[in-house]
Amino acid sequence: MSMSDTVRMSGRRRARSRKAVATVLQFLVVVATTYLGLLAVTFFIGRVIPIDPALAVLGDRAPQHLVERTREAMGLNLPLYQQFLLYCRQALSGDFGVSVLTTNPVMTDIRRVFPATIELATLGTLIGALIGVPLGVLAAVKRGSIADQIVRVIGLVGYSVPIFWLALLALLVFYARLKWVAYPGRIDVVYEYTFSPITGLYLVDALWQRQWDVLRDVFRHIILPASLLGYFSLAYISRMTRSFMLNELQQEYIVAARAKGLSEARIIWGHALRNAAVPLVTVIALSYASLLEGSVLTETVFAWPGLGLYITNSLQNADMNAVLGGTIIIGSVFIGINLLSDLLYRTLDPRTRAR
Amino acid sequence: MSLATQTRPLTRREWLLSDRPQSRLQARLGRAYMTWRRFSANRLAVVGLLILLGLCIVAAFADLLAPHSPVIGNLAGARLLPPGSEGYLLGTDDQGRDILSRLIYGSRLTLAVVVLVAIIAAPVGLVVGAAAGYAGGWIDAVLMRITDIFLAFPKLVLALAFVAALGPGIENAVIAIAITSWPPYARIARAETLTLRNSDYIAAVRLMGASPTRIVLRHVMPMCMSSLIVRVTLDMAGIILTAAGLGFLGLGAQPPLPEWGAMIASGRRFILDQWWVATMPGIAILVVSLGFNLLGDGLRDALDPRESGQ
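Line order of the protein sequences matches chains A and B. Just so you know, we're using my numbering here: the first sequence kicks off at 1 and counts up by one. Just so you know, we're using my numbering here: the second sequence kicks off at 1 and counts up by one.
By construction, these hints were calculated from the structure, which means they are not laboratory data. Just so it is clear, the structure is predicted and the values come from calculations on it, not from any experiment. Hints may be right or wrong, so weigh each one.
What the hints assert, rightly or not - No more than 25 Å apart at the CA atoms, straight line, and that leaves these computed lysine to aspartate or glutamate pairs for DMTMM-like: (1) Lys19/A - Asp148/B; (2) Lys179/A - Asp297/B; (3) Lys142/A - Asp342/A; (4) Lys142/A - Asp297/B.
Claimed, not checked - These stretches of chain A come out as covered by chain B in the derived footprint (C-beta under 8 Å, 3 or more residues): (5) 78–91; (6) 151–161; (7) 192–206; (8) 209–221.
To be verified - Derived contacts from chain B toward chain A, CB cut-off under 10 Å, selection only: (9) Cys56; (10) Leu143; (11) Lys155; (12) Arg187; (13) Ala191.
Glycine included, every Cβ here is placed at the ideal spot set by N, Cα and C.
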């Protein structure tokens, strides 16, 4: 290798590393501004829209001196920008105030209920991806056939049906009439006091502690809400899979693979799906994020003690601290998954890597 | 030569499809005709259109169509009657109100929510996107960053929080949904604007001395309309579902308004025994949002042949 080659190489490497640094910096700016935006909006909702947030906490009939003290304690007498800075500092340190309803700090409550939502959304996404991807592949391969039409209808109905209504009907059919699943809730009352969860993900805990009867009971509780959420992510995932696969199947490398005499199964699953998998990862991540959000309505119907039910309960009791805390947590996770899937896409797809 | 062809009068179809239109009107009608042909070839899209026309008709003539009052029920003699009871085709709810009549009047609320959100959110997104795309530079960067921030938020949860602060009610539900649904329109309008801004006709308008405001308002925005209409139509189903979800949680329309989501919520208590109270409004929501989805798919294929087929 000549001298000039080495110089050019190191120059290129330096350019590449500079580009990588720029990408990381850009990413950090995006994360920071998005999160700041979330805080600004929730601040606006909690502190600016209500005429007097102190009254919102105390009620209309609070005596004057109490109102004054609360205003002082909440920092409401400060200028708005100082209030916002204070709000940001508190939110970033995980302090969302005290829930009026439960009298616990909001963060403690959220830590208690969040695993339930995670468990539900994860199982839902698993169901959606494991069924949705093959369905989408099938629809793309047999384009225009009856199978394609059926997959399309399944997707369309998934996009159009109100989730809480479908949940009610599912309860009516599978719990009340067929008695296949357990009643709303997370675990049977019998086990409520004998079973001590560690992680809060009951399926994992029961498996870990080898409590098979608990595992069965937990499964009977979770399967219906998880299947419903799974159906919604299935509608989205199968539609996107179909469109990605159609795109791949038109490419020339597929023709080349056929000409080489590869089996059709190998071409579809080994070549086309593998290339479609990169954008699919993004789709699945996004559907996971939307399930976290969509669980608000599902949890209400199934009395599932997760973050969604916590938020709606607090809403109904005008417990603004809890509502905003929950919103910020769901928003943060949502933003995090959004950005992460973006990052994942960039690292997984060699074409988008810095050249 | 032109005299020879003019001797035979043109049929209406030929007049529409003429590749040498004599007037602006003819050209416009011709294009509309082509779009309609493409659209109506898609049978499902026509079904969607019919569903929505039906919704509009039902909403307009609710007073004539509804057999009973939507809010005043017969508490004494008609509580929780099953579907098919005499005089109550879809049964009655716990207050003795005819469910069919409530559904018919509820179509007005659904339509109102959809139309209001569309006329609030779509213009906001259009203006933001077109301005960002045309101006470029730091204006573009700032506006799009704000758009992306809003795009990264969870829509339903944010709408919930907004309604919690503003207080329950259908107007506040509309505002909350509109606030959370404009960003995609801004993205679309910006993308369209970027492809347009360097085109010759924009350069020509600029040479004639048109101000940037005029160019954006009169020459860029109209070109963004078709893709925007498609997107808005496709979003309608989601808007209906969000509004129904808010209604279900008791944050949307307040009783005794016959909002479909709220009707499901009130039927929830009787779901095990009187299933129809909650089931019927759900079917109505499903049918209407299905109609919007079908229509949106059809419109996309007809107006935007680039994206169709897949």
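So, going through the hints one by one against the coordinates:
no. : hint                : in the structure
1   : Lys19/A - Asp148/B  : holds (23 Å)
2   : Lys179/A - Asp297/B : violated (39 Å)
3   : Lys142/A - Asp342/A : violated (31 Å)
4   : Lys142/A - Asp297/B : holds (20 Å)
5   : 78–91               : violated (count 0)
6   : 151–161             : holds (count 5)
7   : 192–206             : violated (count 0)
8   : 209–221             : violated (count 0)
9   : Cys56               : violated (18 Å)
10  : Leu143              : violated (13 Å)
11  : Lys155              : holds (7 Å)
12  : Arg187              : violated (14 Å)
13  : Ala191              : violated (18 Å)
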